[in-house]
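Participant: Given next are the chains, with one letter for each unit.
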Amino acid sequence: MAAPRKLSMKQRYAALTRDLDWDLSYVDEDKAYPYTSFEGIKIHDWSKWEDPFRLTIDAYMKYQAEKDKRLYAVLDSFAQGQGHLQLTDPSYLNAMKLFLQGVTPLEYQAHRNFAYLARFLNGPGPRFAALCQSQDELRHAQTEIHTLSNYNKYYQGMHSWQHQHDRVWYLSVPKSYFDDAVTAGPFEFLIAIGFSFEYLLTNLLFVPFMSGASFNGDLPTMTFGFSAQSDESRHMTLGLEAIKFMLEQDPDNVPIVQAWIDKWFWRGYRLLALVSQMLDYMLPRKVMSWKEAFELYFEEQMLGGLFPDLAYYGITPPRHVEHAIAEKEVLSHQVYWTLYQFSFAAGFTTTIPSEDAQKWLAEQYPQTFEKLYKPLWGKAAAVVDNGGRYFYQGLPQLCQVCQVPMLFTEPGDPTTICQRHTEFEGERYDFCSDGCQWIFEREPEKYVQAWLPVHQIYQGNCGGPTVPDVLAWYKLQPGDNGEIAGNLEQTAWETWHATSSAEEQAPAPVAGN
Amino acid sequence: MQYELRTQVIEPRRKTFTNLTERYGDRPATRYEEGSVDVQATANFHYRPLWDPTHEIYDPEYSALRLTDPYSFVDPRQFYYAPYVTSRAHLHEAFASTLAYLENRDLVERLPQGWKDLVARAVIPLRHYESGGQLIGAFGCRFGYGTTITQCLSYASFDRVGNAQLLSRLGISLDGGSDGILVSAKQAWMEDADLQPLRKYVELLLVEDDWAAQHVGLDLADQLIYGLLYTHLDETALLGGAGAYSLVAQHLSGWFTDNRRWVDALYAAWGRDPEHGAANKAELSALVARLLPGALEGALGVARIADRCLDAGAVAYVETRARALAAAFAPEES
Chain A
1 MAAPRKLSMK QRYAALTRDL DWDLSYVDED KAYPYTSFEG IKIHDWSKWE
51 DPFRLTIDAY MKYQAEKDKR LYAVLDSFAQ GQGHLQLTDP SYLNAMKLFL
101 QGVTPLEYQA HRNFAYLARF LNGPGPRFAA LCQSQDELRH AQTEIHTLSN
151 YNKYYQGMHS WQHQHDRVWY LSVPKSYFDD AVTAGPFEFL IAIGFSFEYL
201 LTNLLFVPFM SGASFNGDLP TMTFGFSAQS DESRHMTLGL EAIKFMLEQD
251 PDNVPIVQAW IDKWFWRGYR LLALVSQMLD YMLPRKVMSW KEAFELYFEE
301 QMLGGLFPDL AYYGITPPRH VEHAIAEKEV LSHQVYWTLY QFSFAAGFTT
351 TIPSEDAQKW LAEQYPQTFE KLYKPLWGKA AAVVDNGGRY FYQGLPQLCQ
401 VCQVPMLFTE PGDPTTICQR HTEFEGERYD FCSDGCQWIF EREPEKYVQA
451 WLPVHQIYQG NCGGPTVPDV LAWYKLQPGD NGEIAGNLEQ TAWETWHATS
501 SAEEQAPAPV AGN
Chain B
1001 MQYELRTQVI EPRRKTFTNL TERYGDRPAT RYEEGSVDVQ ATANFHYRPL
1051 WDPTHEIYDP EYSALRLTDP YSFVDPRQFY YAPYVTSRAH LHEAFASTLA
1101 YLENRDLVER LPQGWKDLVA RAVIPLRHYE SGGQLIGAFG CRFGYGTTIT
1151 QCLSYASFDR VGNAQLLSRL GISLDGGSDG ILVSAKQAWM EDADLQPLRK
1201 YVELLLVEDD WAAQHVGLDL ADQLIYGLLY THLDETALLG GAGAYSLVAQ
1251 HLSGWFTDNR RWVDALYAAW GRDPEHGAAN KAELSALVAR LLPGALEGAL
1301 GVARIADRCL DAGAVAYVET RARALAAAFA PEES
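So the protein sequences, as listed, match chains A and B.
Be aware that the first sequence starts at 1, since it is given in the numbering used here, and climbs by one per residue.
Be aware that the second sequence starts at 1001, since it is given in the numbering used here, and climbs by one per residue.
Keep in mind the hints are simulated off the structure, nothing from the lab.
Keep in mind that a hint or two might mislead.
Partial chain A-side listing against chain B, Cβ under 7 Å, derived [said to hold, decoys possible]: (1) A115; (2) Q135; (3) S176; (4) A450.
Given the structure is predicted, the values throughout are model-derived calculations rather than measurements.
Glycine included, every Cβ here is placed at the ideal spot set by N, Cα and C.
Next up, chain A with everything else stripped away, as it sits in the complex (with noise of 0.2 Å):
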């Protein structure tokens, strides 16, 4: 008899995970795998998914393990170093607020939503796939919360962070953002998170926190940023094999596909308002301005790269990005500015810029900073020059679909509030734009379900009817919102570094001898 062939390392894999799958005789298939027939997306063959990469589990917890040690040791030894003071200035600490209270509680529902994945694709292939990366969203979730718990100790706007992402009037941008997503079927999430959210945005939006990191002296998070490449990376190409699976399989996906491209891109383009003002405004050392960083990462790297590639399926490029790029020369400082005025409902506290990032403002857009942004920092100057701080009185309105106050123009005129609406069984719906306007009319009963805050705070659910007690119902406390200048946080740094310079003047201890 012949000496047994050896398997190759491709079969070897396949024996190792799609093999253990086998074909159920004793249930029906549509029982077992009963959600992937209502969005209309046909598959033939689930077997011709190509595993995006191939990882058998003992290779993937040693790998995992040694990432995580060292990761670990950096963030103990940062603790044990009052690494913080190190930082440029506190206030960078709020684009960590944001990114704790906004974006960690999105990697904790991408690890659920991908285990719904890993239970009901039909082809073991993909489940595995998805398996691994609900264990990896758990891991950043855990390890964004680990390296962002030393702040927390001695700073504010991080201590409720979960209780806030469910309550906080802005955080229900990115919780609706991804509460869609998981309410949607399989395929769509594949789509929205899998393809929309880690490959066509995912440079938009992580990129610029973990590079503000390493511009301001945040060691933790841009270790934990570093360790997370491989992940992420390893999500990109699922993400990229998802799309490309199901644009192969029939043509009748292509148009469902398109439409989710769609919807997706607006969605999660509104979701990165909060990143703009972030990288303009929130950085104390700044690293590239949004626009900089929309063009290369969104115009050049997806328009000019991937959609090129996709137009072979007949994919084109979303709808109403024409209206994204002409926004990104006003985008972040109308976020701001709406920010700067409602901060004292918020888990972060905003100023108006300097003298030195407004000269980086002006040359960063010529265009527009200084005729239409440079004035009205000027009227807030005026207003704390006689010894106020201009904040708006009242609550905004907000657009039912992305949820961000009704802040945004007109394409094309800056001056001019963009205001859509649209009737739906007698009731009336506003929209900030006509990206926001189209993804309602496409699925208006899933829509008409938000929950707006301003509107629950109207209705009283919101902890009671004035502002301090909506604050209190938020688990807001001093010093976590409002006017960063003279605020707990800037004279706790003012102490401690005055405390470490006079220790420094301290005659060095000796050493044991």
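Once you have looked at the hints, place chain B on chain A.
Facilitator: Below, chain B alone, put in the same frame as chain A:
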């Protein structure tokens, strides 16, 4: 002699996140607590699932087994991601050295024929059983309520792929680097009359609506099958000159012991719940009464194969274990 480093001391403003201070008082929290307790969203969900508009995104009503406070259950192993992967990296590394040891000394090849048959006909086919367990864990991870529970289910799901891969690697090794045994084991899983009750049981579990029913059902089968293959037969192997089998079995029985820690803690949390405790106990008894016969039938098929290969009292062992399980979950006398 020691030296003193001077470091700047800054009094922290708080020891940990507010939710943990509210629960446990003003004390530092562990990384397990910070990364697990209260992490799942509980309020103000924006939309209902298109595929199940009767439920919220996370909803205690996905199961008949409830906890008043989901975080009254915590994992006794305190596994968050980092210690979990570290622990499993050790497990797989240890298994790899065992396998290398066995291969270097031809110990698998030298197993008595009855033991080789047992491995090929009863043990390796169960990599598919493990794969069913993978789906059950993933289901619970999505639909369970509260991160401490769903996190355990998530790791358990991943563990099942890991266990299936351990068994597959043993099969490949037993076949000299080829997949002949894996192929015949899969055929046995699909066709062997003694394995059909177990396959049927797993497939029926997959279409149970309640994640806890799936989880408990899997645990019943686990207790019989892991008990038989990796505890009962481990003893037999040591007495019967099949040390190589015991060397492999230790890794699976070690995993099972580890896994039991959280599974038992969850049973305990369900039982002692101030509001739902009595209802949970009744529900568990009913579940076990409904599911145990199928689990028993499935495990007995495996035991019959074992007894044909080895005459090791496998059927008797499984029957005894099943009686003990039935007694442990019997309704309380009122």
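Participant: Please list, smallest to largest, the hint numbers that this structure does not respect.
Facilitator: none
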